[in-house]
Amino acid sequence: MKTVIIKYNAGNIRSVMFALDRIGVEGIVTDDPEAIKSADKVIFPGVGEASTAMNYLKERKLDTLIKDLKQPVLGICLGMQLMCKHSEENNTPCLGIFDVEVKRFTSPVDNLLKIPQIGWNNITGLYSTMFEQVPENSYMYFVHSYYAALGPDTVATANYVINYSAGLQKDNFYAVQFHPEKSATAGQKILENFLKL
Amino acid sequence: MLTKRIIPCLDIKDGRTVKGVNFENIRDAGDPIELGALYAEQGADELVFLDITATNERRKTLSELVTRIAKHVNIPFTVGGGISSVEDVNVLLQSGADKISVNTSAFKRPELVDELAREFGSQCVVLAIDTRFEDGDWFVYLNGGRVKTDIKAYDWAKEAVQRGAGEILLTSMNNDGTKKGFALDITGKLSQNLNVPVIASGGAGNMDHFMDVFENAQADAALAASIFHYKEIEIPALKTYLYQRGVNIRF
Numbered sequence: 001m002k003t004v005i006i007k008y009n010a011g012n013i014r015s016v017m018f019a020l021d022r023i024g025v026e027g028i029v030t031d032d033p034e035a036i037k038s039a040d041k042v043i044f045p046g047v048g049e050a051s052t053a054m055n056y057l058k059e060r061k062l063d064t065l066i067k068d069l070k071q072p073v074l075g076i077c078l079g080m081q082l083m084c085k086h087s088e089e090n091n092t093p094c095l096g097i098f099d100v101e102v103k104r105f106t107s108p109v110d111n112l113l114k115i116p117q118i119g120w121n122n123i124t125g126l127y128s129t130m131f132e133q134v135p136e137n138s139y140m141y142f143v144h145s146y147y148a149a150l151g152p153d154t155v156a157t158a159n160y161v162i163n164y165s166a167g168l169q170k171d172n173f174y175a176v177q178f179h180p181e182k183s184a185t186a187g188q189k190i191l192e193n194f195l196k197l
Numbered sequence: 001m002l003t004k005r006i007i008p009c010l011d012i013k014d015g016r017t018v019k020g021v022n023f024e025n026i027r028d029a030g031d032p033i034e035l036g037a038l039y040a041e042q043g044a045d046e047l048v049f050l051d052i053t054a055t056n057e058r059r060k061t062l063s064e065l066v067t068r069i070a071k072h073v074n075i076p077f078t079v080g081g082g083i084s085s086v087e088d089v090n091v092l093l094q095s096g097a098d099k100i101s102v103n104t105s106a107f108k109r110p111e112l113v114d115e116l117a118r119e120f121g122s123q124c125v126v127l128a129i130d131t132r133f134e135d136g137d138w139f140v141y142l143n144g145g146r147v148k149t150d151i152k153a154y155d156w157a158k159e160a161v162q163r164g165a166g167e168i169l170l171t172s173m174n175n176d177g178t179k180k181g182f183a184l185d186i187t188g189k190l191s192q193n194l195n196v197p198v199i200a201s202g203g204a205g206n207m208d209h210f211m212d213v214f215e216n217a218q219a220d221a222a223l224a225a226s227i228f229h230y231k232e233i234e235i236p237a238l239k240t241y242l243y244q245r246g247v248n249i250r251f
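Chains as they are written, first to last, in UniProt numbering: chain A, 1 to 197; chain B, 1 to 251.
What the hints contain is simulated information worked out from the structure, not anything from laboratory work. Don't take each hint at face value.
Claimed, not checked - Below, a list of computed lysine-lysine pairs in the DSS-like style, where the Cα atoms sit at most 27 Å apart:
#1 B:60 <-> A:7
#2 A:103 <-> B:152
#3 A:70 <-> A:114
#4 A:114 <-> B:152
What the hints assert, rightly or not - Sample of chain A residues with no beta-carbon within 12 Å of chain B, all distances over it, derived:
#5 47
#6 125
#7 140
#8 144
#9 180
#10 183
C-beta atoms are modelled at their ideal positions from N, C-alpha and C, and glycine is treated no differently.
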């Protein structure tokens, strides 16, 4: 089995590699279109800013390549947001795999909201093979200022002032807002499930 | 709902943990990886590794250590100690650290915070402040608490957040080592007025101290070292205690 991690200008790619390593899978980090197309599993990670990342993907024509992939693809954090339709972050049109908007958290008038959300939050309404044997209300590690709204492809929900998509799935495209590679054994289970698809 | 975080802190010198630890169930308590992995397994929400090595070999030893930690620990961790440039941070993040913390170097050259936030994002920039209460206010201390400044901790924290710090790690020197509880007033002031998470440090002696800092000072996280290393408080018991009293805790 060949597992590829898409290399672009929005790492923390090494932590994903190490997490795969812990479950005995070697991840190949590459931006080579042929290597990505021929992989059995594709992981699309990312920490960073949406417009810079989208520009980078477009320059290398990785934007159309990702959309056309037929094998299981897992977007993580910014990777998931880039798979949505549009992000408020610098008004960025994204890949449009999931028909949802990415918006910025806003503080209610009567309550100082800390942005980014940093830390462990529970996920509910789990409805995807990637969550097999992952209990409802499992805690995952989140770090983000923008969130994907709820939509028809929502397969996990989290709450930070409002309910939003913690997980999305449509056909072969899977995505999570949190960092499974940093979410202890529960996160590891999700990676294992994805790799078994 | 977002939970409060419990963070053990490990002091590292020449790649080894410094403070004596008391664990029968690990082979080598001086090995930061083994100890870190044990804390992760026990339910620690994050780890902080503070490097106090002073030699020239420091950087290489540290980046190798960070890679080993990243390979073995499945929760987020912060690395701090002697970090003073974008390049230092780049090496540590590339090695697998999730966040870095800066202290004296950022105070002496506050633009460092802007540079780090721009280059790597606020989410990985933790500003550490050592503070002492005297003459009616909390002042910033540098160089591990040896050098006093005339700047107030709140003012420096506020400026650093404006410059892009993503979290504040606040250590009260008055409380540190006393085991009489965290500094609730200054922790609360920062936590309630800054829109980034505040990690309280210094003074933890019993489980109620954690209750106090979460409930009465609204700290987002609490850090401690020796009480965990000496097993005066064990993390599973602490988390159960807090949970039973209504604090949001991860299990």
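Here is how each hint holds up against the structure:
Using a Cα cut-off of 27 Å, the hinted pair residue 60 (chain B) and residue 7 (chain A) holds, with the two alpha carbons roughly 25 Å apart. Note on residue 103 (chain A) and residue 152 (chain B): the hinted pairing is violated, with a Cα-Cα distance of about 36 Å set against a maximum of 27 Å. For the suggested pair residue 70 (chain A) and residue 114 (chain A), the alpha carbons sit about 38 Å apart, so the restraint of at most 27 Å is broken. Of the supplied pair hints, the one linking residue 114 (chain A) and residue 152 (chain B) holds, its CA atoms being roughly 22 Å apart against a limit of 27 Å.
Its beta-carbon lying about 6 Å from the closest one in chain B, residue 47 (chain A) breaks the requirement of being farther than 12 Å from that chain. Taking the minimum C-beta to C-beta distance to chain B, about 15 Å, the non-interface status of residue 125 (chain A) holds against the 12 Å cut. Residue-level check failed: residue 140 (chain A) sits 9 Å from the nearest beta carbon of chain B, not beyond 12 Å. At roughly 8 Å from the closest C-beta of chain B, the C-beta of residue 144 (chain A) falls inside 12 Å, breaking its exclusion from the interface.
Its closest Cβ contact with chain B, about 10 Å, brings residue 180 (chain A) to no more than 12 Å, contrary to its assignment away from the interface. Under the 12 Å C-beta cut-off, the non-interface status given to residue 183 (chain A) relative to chain B is violated; the minimum distance is some 8 Å.
Checked against the numbered hints given earlier, the structure breaks hints 2, 3, 5, 7, 8, 9, 10 and satisfies all the rest.
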